[in-house]
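Engineer: Go ahead and model the full structure; you've got the sequences and the hints to work with.
So the sequence lines, in the order shown, correspond to chains C and W.
So that you can map any letter, position 174 of the first sequence is 174 in my numbering, and since no number is skipped, the others follow by simple counting.
So that you can map any letter, position 198 of the second sequence is 198 in my numbering, and since no number is skipped, the others follow by simple counting.
Each computed SDA-like pair below joins lysine to any residue, with the alpha-carbon atoms no more than 20 Å apart:
#1 K140/W to R40/C
#2 K140/W to I150/W
#3 K140/W to A50/C
#4 K140/W to A173/W
#5 K140/W to H128/W
#6 K140/W to G44/C
#7 K140/W to G180/W
#8 K140/W to A174/W
Please keep in mind that the hints were generated in silico from the structure rather than gathered at the bench.
These numbers come from a predicted model, not from an experiment.
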Amino acid sequence: MRVSTRAAVLTAVYAGTFAVLGLALAVARATDHEFPFLTREPSGVLDAPAYIGFLSNVTALVGIAGTAACLLTWLAFAGGWSSPWLWGGLLLGALTLNDVFLVDDHYLEGIGVPEPVTSAALGAASVAFVVVFRDFVRRHGTGIAAVALAGFFVAEFLDRVSQSLDSVEDVLRFGSQLSWALLFVRAAVVELDTRIEEARAS
Amino acid sequence: MESDRGVGGVPLGAHGAKRNLSERVLALGPLAVLGLAYLATVVLMLLVSAAGHVLDRPVGDFTRDPTAVLEGPAYIGFVSSIGAVVWAVGATACLLAVLLLEGRTRSAFLWGGLLTAALLADDLFLLHETYYPQVGVPEKAVPLLYAVAIVAYAVVFRDFLRRHGLLLIPAAAALFAVSGLLDFTLDEEAPFLVEDGAKLLGIVTWTFFFTAAAVRELRGLRPAPAPSP
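Structural biologist: Here you go:
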């Protein structure tokens with residue numbers, strides 16, 4: 001990254017951070033909560049044991065790792081708009097952020113988008129990724145992508161048909177996120193390593 | 001002989017007898033990697049089940065989102081979650097660099113990644129408030145340990161910091177210090193916006209440093225252009 005680009009990105013990052021803090025302050029005032037209600041860990045705020053939601057947090061970390069691996073590889077390759085790294089990162093990012101911030105349960109329903117519609121859209125986007133970038137997927141693990149898709153769809157199915165299978169659903173969701181993340185992290189290592197070999201050879 | 005690969009002017013070198021970490025990972029093949037990951041998942045689930053049994057808690061308390069388990073609004077901990085996401089991006093950048101680079105640059109990412117992972121885990125799982133005191137590490141000693149670790153890192157890898165933005169890690173550390181000092185010294189009337197805002201700014205500064213450094217190092221590994229005819 002050139003110095004000027006770095007400075008511009010850093011400025012944008014700080015601007016985004018201040019925007020997040022401003023938004024949190026506005027929400028705290030609008031909902032009549034203390035500011036830490038939005039800034040501290042949920043189990044800390046609600047005086048609950050720290051292990052509440054442990055697997056959910058690990059799932060989020062795994063999803064973010066896959067997302068970041070994709071987007072970093074996209075940046076490292078200086079990829080274009082049709083790059084699988086960009087779309088893979090956006091897809092896994094959407095799946096992960098939806099889980100972390102309960103976007104489909106709360107926010108999208110609040111603006112009239114039913115939860116099943118969001119789930120169907122995310123499922124369709126996942127299938128579309130596999131179809132459009134089938135060469136990429138074939139190169140780096142069709143089986144892993146199949147497991148990721150199956151985990152997502154079975155988890156969504158269980159979510160619709162039974163409330164008593166929440167834990168099974170969460171484990172399947174974890175397996176799906178883990179599979180996507182593995183696919184992308186491994187693919188990133190393979191392709192970046194190939195570039196390193198080319199650099200060495202040249 | 002260990003070689004350095006990076007944009008720091010150190011030439012690309014031979015691997016020597018040792019294979020780099022990425023080659024060892026890739027040698028496993030996709031299904032073996034997936035198998036190992038699922039094995040880890042099964043172990044994780046067994047641990048969660050055991051913890052649920054010991055603590056007399058349903059497994060769902062561990063697997064579902066904390067706000068759903070605690071029946072709070074979805075926006076509780078919104079900024080905290082963003083902080084965790086940003087930490088995780090920094091840790092991933094370090095992980096990728098560790099897998100692909102070699103020599104001193106790799107060491108800088110390795111130790112930076114371990115520090116990032118420690119700070120992330122502490123933040124996300126409330127380690128210094130809940131678990132460290134149970135193993136004899138006082139809550140107030142933990143930030144001091146982190147401070148010592150960050151200063152040691154900055155001193156040992158000062159060449160790496162100089163190459164990728166000398167002021168960023170000290171700036172992040174200063175922001176963490178402001179947040180930590182306000183946490184310890186002020187009471188209920190503490191200016192939470194400053195305390196938590198400084199912490200989030202520290203996290204993004206820290207992550208920006210490692211992410212930009214990783215992208216720069218990996219971009220620096222482009223093949224040389226073909227000679228013109």
